[in-house]
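Numbering-wise (the numbering used here), the sequence shown opens with residue 4 and increments by one.
DSS-like cross-link-like pairs, simulated, lysine-lysine; straight-line CA separation at most 25 Å:
no.	residue 1	residue 2
1	8	58
2	91	80
3	80	13
4	13	58
5	13	44
6	80	44
7	91	58
8	46	58
9	46	8
10	44	91
11	44	117
12	91	46
13	114	13
14	103	58
15	43	8
16	44	114
17	104	91
18	13	117
19	114	46
20	58	44
21	114	43
22	103	80
23	91	103
24	43	58
25	8	44
26	46	117
27	80	104
28	58	80
29	13	46
30	103	46
31	46	80
Quick caveat, the hints were computed from the structure, so don't treat them as lab data.
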Amino acid sequence: MRHRKNKLLKIRGSVQSRDLTMRTMLTNLVRYGHLTTTEKKAKVLVAYADSFFAKLVSMNTTLESSTAQRESIRWVKARIYGNDEGRKVIRELVPALLTKKVNSGFFTSVKLGKRIGDAAEQVRIEFVQ
Numbered sequence: 004m005r006h007r008k009n010k011l012l013k014i015r016g017s018v019q020s021r022d023l024t025m026r027t028m029l030t031n032l033v034r035y036g037h038l039t040t041t042e043k044k045a046k047v048l049v050a051y052a053d054s055f056f057a058k059l060v061s062m063n064t065t066l067e068s069s070t071a072q073r074e075s076i077r078w079v080k081a082r083i084y085g086n087d088e089g090r091k092v093i094r095e096l097v098p099a100l101l102t103k104k105v106n107s108g109f110f111t112s113v114k115l116g117k118r119i120g121d122a123a124e125q126v127r128i129e130f131v132q
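Work the whole structure out from these sequences, hints included.
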């Protein structure tokens, strides 16, 4: 049955390939603060990253501080490559998102036009300031 399936949020490849792509793109988004990609991958990445940061924000607002810290570290290590990027998420990004008091809409996307090689639509994803 086709209940609750969104074909816009699917990219080609096996499950491992999609997971690897999303984790790599999320890591680069955290590392550089912005990312340029195709329109379809941008939609998938924004959904993936929004749910990632929404879970971190909800963990830190509902749980006790030591438990929240431990669970946040576990959650980040499961989805972000690299220790420096993980530290950046825990020490800089999550506290900034907690002060904003929002649960979603952490990213904005700007259309850049067509890519030169294959005329695919390009989109730049950035954190909302």
